[in-house]
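Undergrad: For the sequence shown, counting from 1, position 62 maps to 62 in the UniProt record's numbering; every step adds exactly one.
Think of the hints as simulated: they come from the structure by calculation, not from any bench.
Among the hints, erroneous ones may be present.
Computed beta-carbon distance windows for the label pairs [said to hold, decoys possible]:
hint, residue 1, residue 2, range
1, ASP206, ALA38, 20 to 30 Å
2, SER11, ASP136, 38 to 48 Å
3, LYS191, ASP57, 25 to 35 Å
4, SER61, GLN14, 35 to 45 Å
5, LYS48, ASN120, 24 to 34 Å
6, HIS55, PRO124, 31 to 41 Å
7, ASN115, SER13, 39 to 49 Å
From the three backbone atoms N, C-alpha and C, an ideal C-beta is built for every residue, glycine too.
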Amino acid sequence: MSRIVKLKPISESQVAIKAVVFDMDGTMCLPQRWMFAAMREAIGLKDKSVDILTHIDGLSSEKLKQQANLRISEVEAKAMREMQPQPGLVALLEYLTANKVSKNICTRNLIKPVNHLLSNFVPPLHSSFDHIVTRDFRPTKPYPDPLLHIARQLNVAPENMLMVGDSFDDMQSGTAAGCATVLVKNDSNVKLLAAHPELVDAVVDDLADIIGLLQEGFEARGASTRE
1 MSRIVKLKPI SESQVAIKAV VFDMDGTMCL PQRWMFAAMR EAIGLKDKSV
51 DILTHIDGLS SEKLKQQANL RISEVEAKAM REMQPQPGLV ALLEYLTANK
101 VSKNICTRNL IKPVNHLLSN FVPPLHSSFD HIVTRDFRPT KPYPDPLLHI
151 ARQLNVAPEN MLMVGDSFDD MQSGTAAGCA TVLVKNDSNV KLLAAHPELV
201 DAVVDDLADI IGLLQEGFEA RGASTRE
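Whenever a hint applies, use it, and build me the whole structure from the sequences.
TA: In structure tokens:
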């Protein structure tokens, strides 16, 4: 059963959004397409079908894991220095703050780049986030666990949460958790819409477009159809 998702419900068939969870790379900031290839090269991971963090977790010793984590953190540090905010970021955060909607972040990144983004590109009035979950929380996206953790901490039902991201991991995590999902479209993720339309409830080109979705409502799939 489909449902209409809005900031505030006006009928029993509508669901109110009480919390928004953002991915960071490619969502709150512009995508840096070179970054993941650089991470794979840094740790010698040639098989593109293998997830970077899964590969590191499977290394045979703690020393090897530490070395690999250091190498990908060096790539992230370069990406942090080149970071640029996503269009519409501040406008959307202003809207969420004004309407007392909980703001949260779920990223596979480290906390340092998150803090860099918030301190450099977000006005202090709107830079307060209730929960920031990094890759230190396991299992991370695409599993639903980090979003369900945020929902429990907020005492909010997952169906009252919106996951905003730019990747399969974001959409899969949101769908599996029972959240509505919004894909921030870019040149490299449009194929996701064709391959996995069942994971995406709405698509935007600019984060500020989400304001209109929350005001006017958009159709999201019910939990029974999101399996």
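Undergrad: Measuring from beta carbon to beta carbon, are SER11 and ASP136 in 38 to 48 Å?
TA: Once the Cβ atoms are compared, 41 Å apart, the range 38 to 48 Å for ASP136 and SER11 holds.
Undergrad: Should the hint that LYS48 and ASN120 are 24 to 34 Å apart at their CB atoms be regarded as holding?
TA: 32 Å, holds
Undergrad: Tell me if the beta carbons of ASN115 and SER13 are separated by a distance inside 39 to 49 Å.
TA: 40 Å, holds
Undergrad: Taking the beta carbons of HIS55 and PRO124, is their distance inside 31 to 41 Å?
TA: 38 Å, holds
Undergrad: Go ahead and decide if the range 25 to 35 Å is satisfied by the Cβ distance of LYS191 to ASP57.
TA: Given about 27 Å between the Cβ atoms, the range holds.
Undergrad: Does the Cβ distance between ASP206 and ALA38 fall inside 20 to 30 Å?
TA: 27 Å, holds
Undergrad: Confirm or reject the claim that SER61 and GLN14 have a C-beta distance inside 35 to 45 Å.
TA: Violated - the Cβ-Cβ distance for SER61 and GLN14, about 52 Å, lies outside 35 to 45 Å.
Hint compliance for this structure: hint 4 is the single one not met.
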